[in-house]
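> Residue numbers (my numbering), protein chains in the order written: chain S, 467 to 580; chain F, 18 to 129.
What the hints contain is simulated information worked out from the structure, not anything from laboratory work.
Heads up, some of the hints might be wrong.
Unchecked claim - Residues from chain F that keep clear of chain S, each with C-beta distances beyond 10 Å, as calculated:
| no. | residue |
| --- | --- |
| 1 | LEU28 |
| 2 | GLU34 |
| 3 | THR37 |
| 4 | ARG71 |
| 5 | THR84 |
| 6 | SER90 |
| 7 | THR94 |
| 8 | THR101 |
| 9 | GLN126 |
Said to hold, decoys possible - EDC-like mimics (lysine to aspartate or glutamate), calculated; alpha carbons at most 20 Å apart, straight line:
| no. | chain 1 | residue 1 | chain 2 | residue 2 |
| --- | --- | --- | --- | --- |
| 10 | S | LYS549 | S | ASP528 |
| 11 | F | LYS116 | S | GLU522 |
| 12 | F | LYS87 | F | ASP110 |
| 13 | S | LYS523 | S | ASP552 |
| 14 | S | LYS508 | F | GLU22 |
| 15 | F | LYS87 | F | GLU22 |
| 16 | F | LYS86 | F | ASP24 |
| 17 | F | LYS86 | F | GLU72 |
| 18 | F | LYS124 | S | GLU510 |
| 19 | F | LYS116 | S | GLU534 |
| 20 | F | LYS43 | S | GLU510 |
| 21 | F | LYS116 | S | ASP562 |
| 22 | F | LYS116 | F | GLU22 |
| 23 | S | LYS544 | S | GLU519 |
| 24 | S | LYS508 | F | ASP110 |
| 25 | F | LYS43 | F | ASP24 |
| 26 | F | LYS43 | S | GLU525 |
| 27 | S | LYS523 | F | ASP110 |
| 28 | F | LYS43 | F | GLU70 |
| 29 | F | LYS116 | S | GLU525 |
| 30 | S | LYS523 | S | GLU534 |
| 31 | S | LYS549 | S | GLU525 |
| 32 | S | LYS523 | S | ASP562 |
| 33 | F | LYS116 | S | GLU510 |
| 34 | F | LYS116 | S | ASP528 |
| 35 | S | LYS544 | S | GLU525 |
| 36 | F | LYS86 | F | ASP110 |
| 37 | F | LYS43 | S | GLU522 |
| 38 | S | LYS508 | F | ASP24 |
| 39 | F | LYS116 | S | GLU519 |
| 40 | S | LYS544 | S | GLU510 |
Predicted model, so just to flag it, every value in this text is computed and none were measured.
Here a beta-carbon is modelled for each residue, glycine too, at the ideal position from N, C-alpha and C.
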Amino acid sequence: EPEVTQTPSHQVTQMGQEVILRCVPISNHLYFYWYRQILGQKVEFLVSFYNNEISEKSEIFDDQFSVERPDGSNFTLKIRSTKLEDSAMYFCASSDLVRGSPLHFGNGTRLTVT
Amino acid sequence: SQQGEEDPQALSIQEGENATMNCSYKTSINNLQWYRQNSGRGLVHLILIRSNEREKHSGRLRVTLDTSKKSSSLLITASRAADTASYFCATDDSGGYQKVTFGTGTKLQVIP
Numbered sequence: 467e468p469e470v471t472q473t474p475s476h477q478v479t480q481m482g483q484e485v486i487l488r489c490v491p492i493s494n495h496l497y498f499y500w501y502r503q504i505l506g507q508k509v510e511f512l513v514s515f516y517n518n519e520i521s522e523k524s525e526i527f528d529d530q531f532s533v534e535r536p537d538g539s540n541f542t543l544k545i546r547s548t549k550l551e552d553s554a555m556y557f558c559a560s561s562d563l564v565r566g567s568p569l570h571f572g573n574g575t576r577l578t579v580t
Numbered sequence: 018s019q020q021g022e023e024d025p026q027a028l029s030i031q032e033g034e035n036a037t038m039n040c041s042y043k044t045s046i047n048n049l050q051w052y053r054q055n056s057g058r059g060l061v062h063l064i065l066i067r068s069n070e071r072e073k074h075s076g077r078l079r080v081t082l083d084t085s086k087k088s089s090s091l092l093i094t095a096s097r098a099a100d101t102a103s104y105f106c107a108t109d110d111s112g113g114y115q116k117v118t119f120g121t122g123t124k125l126q127v128i129p
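Starting from the given sequences, assemble the full structure and let the hints guide the process.
What follows is the structure in structure tokens.
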């Protein structure tokens, strides 16, 4: 069964550094998402992306964050200047329809900011 | 404010018993979904129920939806130790375009 893959599985960075989290969505999916989860707490929506544009974003997704689909397969989340509170699990997801279709999640990238 | 809140936050049962988790939400929705998350892993979709449906079954899962009360329940029958996980409801805001919001989750432990 097709999978969403995320790399790296664990990223450690120093405060103020830039990080790029990478995702390869399922190949025929059109809608892409980033979520984050702080230490087993609720899963928070960050951003959704369709047709090379951001569709929705949350208040968490401020100017420090950006997303990109640099080629036909990858979907990236960049955090420009990391803060301690950015430490979390970041999950990428994709779906083939905008409504009524399940999200398929990757196994996440654990970001640790020191 | 968060869209979904699950109740209870944690549930511990014996293998073979049924587990019921509830979810309440605030705004009108198109669909409600339930996901499962094993510790340290991504979320896995379990079942989707549309706003015009009241009940849906999938294997040992039964989901109900009451749009007048803005609530849903997930019943897992004849639980197994392998069902131990966190369970989340997720809703898409009917006014929003592409945003699925997750609840706070119920941590289920099934004791063998």
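> Now tell me if each hint is right for this structure.
Going through the hints against the structure:
no.: 1; hint: LEU28; verdict: holds, 16 Å
no.: 2; hint: GLU34; verdict: holds, 24 Å
no.: 3; hint: THR37; verdict: holds, 20 Å
no.: 4; hint: ARG71; verdict: holds, 17 Å
no.: 5; hint: THR84; verdict: holds, 16 Å
no.: 6; hint: SER90; verdict: holds, 19 Å
no.: 7; hint: THR94; verdict: holds, 22 Å
no.: 8; hint: THR101; verdict: holds, 14 Å
no.: 9; hint: GLN126; verdict: holds, 14 Å
no.: 10; hint: LYS549/S to ASP528/S; verdict: holds, 13 Å
no.: 11; hint: LYS116/F to GLU522/S; verdict: holds, 6 Å
no.: 12; hint: LYS87/F to ASP110/F; verdict: holds, 12 Å
no.: 13; hint: LYS523/S to ASP552/S; verdict: holds, 16 Å
no.: 14; hint: LYS508/S to GLU22/F; verdict: holds, 10 Å
no.: 15; hint: LYS87/F to GLU22/F; verdict: holds, 11 Å
no.: 16; hint: LYS86/F to ASP24/F; verdict: holds, 15 Å
no.: 17; hint: LYS86/F to GLU72/F; verdict: holds, 14 Å
no.: 18; hint: LYS124/F to GLU510/S; verdict: holds, 17 Å
no.: 19; hint: LYS116/F to GLU534/S; verdict: holds, 18 Å
no.: 20; hint: LYS43/F to GLU510/S; verdict: holds, 16 Å
no.: 21; hint: LYS116/F to ASP562/S; verdict: holds, 14 Å
no.: 22; hint: LYS116/F to GLU22/F; verdict: holds, 17 Å
no.: 23; hint: LYS544/S to GLU519/S; verdict: holds, 15 Å
no.: 24; hint: LYS508/S to ASP110/F; verdict: holds, 17 Å
no.: 25; hint: LYS43/F to ASP24/F; verdict: holds, 15 Å
no.: 26; hint: LYS43/F to GLU525/S; verdict: holds, 18 Å
no.: 27; hint: LYS523/S to ASP110/F; verdict: holds, 13 Å
no.: 28; hint: LYS43/F to GLU70/F; verdict: holds, 18 Å
no.: 29; hint: LYS116/F to GLU525/S; verdict: holds, 13 Å
no.: 30; hint: LYS523/S to GLU534/S; verdict: holds, 14 Å
no.: 31; hint: LYS549/S to GLU525/S; verdict: holds, 16 Å
no.: 32; hint: LYS523/S to ASP562/S; verdict: holds, 19 Å
no.: 33; hint: LYS116/F to GLU510/S; verdict: holds, 11 Å
no.: 34; hint: LYS116/F to ASP528/S; verdict: holds, 16 Å
no.: 35; hint: LYS544/S to GLU525/S; verdict: holds, 16 Å
no.: 36; hint: LYS86/F to ASP110/F; verdict: holds, 16 Å
no.: 37; hint: LYS43/F to GLU522/S; verdict: holds, 19 Å
no.: 38; hint: LYS508/S to ASP24/F; verdict: holds, 13 Å
no.: 39; hint: LYS116/F to GLU519/S; verdict: holds, 14 Å
no.: 40; hint: LYS544/S to GLU510/S; verdict: holds, 17 Å
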